[in-house]
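Colleague: Protein chains in written order, with the numbering used here: chain A, 1 to 333; chain B, 1001 to 1294.
Everything labelled a hint here was simulated from the structure, so no lab data went into it.
It is possible that some hints are incorrect.
[Claimed, not checked] Okay, the calculated bits of chain A under chain B, using three or more residues with CB under 8 Å as the criterion: (1) 88 to 102; (2) 106 to 113; (3) 117 to 130.
Glycine is no exception: its CB is placed at the ideal position from the N, C-alpha and C atoms.
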Amino acid sequence: MAAASESVLLEIEDLHVVYQTDLSTVYAVNGVDIRLDYGHTLGLVGETGAGKTTVALSILRLLPERTGRVSRGTIRIKGRDIMTLPEKEMREIRGQTVSMIFQDPMSALNPVITVGDQIAEAILLHDKQGLTRVQVEERVEEMLQMVGIEPERKNGYPHQFSGGMQQRVVISMALACNPDLLIADEPTTALDVTIQAQVLAMMRRLQEELGTAMIVISHDFGVVAETCDFVAVMYAGEIVEYGTAEEVLDGNIHHPYTVGLFGSIPSLESDAKRLSPIEGLMPDPTALPPGCKFAPRCPHRMDVCTEQKPDTYLIGDGDLKIMCHLFGEGTGK
Amino acid sequence: MALSAKTRARKAKKHSEVKEVWRRFRKNKAAMIGLGLAILIVLVAVFADVIVPYDRTTTQVAEKRLQGPSSEHPFGTDHLGRDLFARIVHGSRYSLFIGVSTSVLSLVVGCLLGAACGYFGGRLDNVVMRLLDVFMSVPPVLLSLAVVAALGPNLRNLLIAITISCVPGTVRLIRSVVLTVVDQDFIDAARSYGASNLRIIVKYVLPNAIGPIIVHTTMNIANMILSAAGLSFIGMGVQPPAPEWGALLSSARVYMFRAPYLLYFPGSAILMAALSFNLVGDGLRDALDPRLRN
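Take the sequences, apply the hints, and build the full model.
Modeller: This is the structure in C-alpha cells:
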C-alpha cells in the first residue's frame, strides 16, 4: 500500500464531518479513507444520506459555512493539506485542480448568462496566460464541440437547452481548465435513461481522452459500473466496502450491506417475483449506534457487532477491503 | 424537483427576454399611461430652458400679481407677479432630480448592505438588520424631519434626509431577494469553479435578483418625489425662491381663496409625477411576475 507518493492525487485520511445546529449534531461522515491516483476513477455508492456528497464538498472545502465542519482528519490534494490553506489558494484549486459537476444541471447554470459566457467565465477565472477575447472564444467553442454541442449555440441561455445538453454544458465548464480531478455528484440522476447513457458514454470518453481522475457519486450501481475502476460503498458515513469495480460488482465476497443492496436491484436473469429490500432504515445520524452502524439491520449480526466498531479487513490478494466483524480474526471468513 | 426546475426555467426566460417583459408591459393600459406621463415629465425637465427661459421664473412684475391663467401666463402669476408656468416647468427639475438621485443612492446602499447581509449572513446580517430596525421604528417623515432639523434645510441635506429614511426598506427588500437566490445550486457551482465572493455577488446573485429591485426603485422615485415635496411644503426642504413644487404650494396657501389656481397647478404636477412612476412600477411588477405569464 506504500506506493510512490507522486502517483497519488487525492488522499483522505480519517475524515470526520459533522453538521452542527443549535438543536443537534449530525454525524455525516465518520472516518473515511480514500486514496485516488492520477487518472483513476472511483465510484462512491450508497443510499441517500450516506455522506457521499458531504465527502465531495469537503474535498472542495465547500461545506455549508455555518453548519458543516470537518471535525477530524486530513485531505491532501497533490500532497498539500487543504484544510489549512487560505481561502485565496483554495479558490485556485477549485476549478483548476478539482472541479465538480452538480446533480441538477438546470439549477447549476446561472439563468441570466449565456452558456458561452459561463464557460468563458470558468476559463477566465484561472487564466494565467492572459488570453485574448478571441482566444477565450475559441476555447469556449472547442469545449462545446468536445461535449457534442454545436459551437453556434454558445449565445443561448440555459433554459433554451434540453436537460441532457445542459448537463453537457456543465461538464464542459468543469473540464474547461483541465482539472486533475473531476467530482461528479449524481451526474445523471436528473436526466432520463436514454440521455443518461449518452452522458455516461461521453464522460467515459472524455475521461479516457483527457486522463482526468474522477470521483463519481451515485446511488446507481449501473452508473458506477459504466464509469469506474474502483468502487467504494458508503453506509452511515463510513466506507464499508472498497475494491476494484470487478471485485465489488462481480465478486463473491461482500459486506452484508452490499449483499443487501444487490438484493434490492431487479435482475434480468432471475425471475424473482419480489425484490428483497434491506429491512429497516439508516440509523439516525444524530445518534449513531456504538458498534457497527449496520448492525441493527444486519442478518449476520453477532454480539460483538453491537459493541465494537469493526476494523477494515483486506480480503484476498486484490484491493478488496471490507469493514465487518465477519471477516475478522477468529471468526473466519 | 421537477416543479422547481420548471419555475426556474420560467424565471430564466424572464431575464433573457426583455422583449417578452415589454410585450406584457405594453398590454397594461394604466402602465402605458404612466410611462407616457413619466416620459413627458422627463422631457419637460430636460428641455425646461427651451420651453421657457429660466429668468421668467424670477421676473417679478408688480402690476401682474395674482393674475389668473391667460394666454400670456397659461398658469397665471403668483403673489410676486412671477409666471407660474415657468416656475412649474423648471420645478420639474428639482422633483425629478431629488426623486431619481435619492432612489439611486438608496439603491446603491441597499445593494451593498442587502447583498452583503443576504449573502454572508451571520453576525454581519444581525448587526446591520438590528441597526436598520432602529431606523424603521421611527416614521420616515419624522426621521427626515429630524435629519433636516439637525443639518439645516437645504437641497443637499434634503437629499441626505430622504435617502436615510428610504434606505432601510431597500436593504430589507434586496436582502430578502438575495436570500432566495443564494440557496440555488448555481451559486455553489460558481464557487466550485473558484469564483470569489465579490464576483459571485456581482455576476450571479444581483442579476438574478434584478426584477424586484427594478420595481422597488421605480416605486421609490414616486415616494421620494412626494416626501421631497412634503418636506419643502413645511419649509424643511428646498427653500423659496427656488421653484420647487412643494415650496410653490407652501407659498401659495396664503392665497388659497383669492387664487386657487396657485394650488391646482403645482398640486397636479406633484400628483402626475408621483402617479406616473407608481403606475410604471405597478406595470413592471406585473410584467416581471413569472406567475402571471401566459
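Colleague: Against the earlier hints, flag every one the structure doesn't satisfy and list their numbers going up.
Modeller: Structure breaks no hint.
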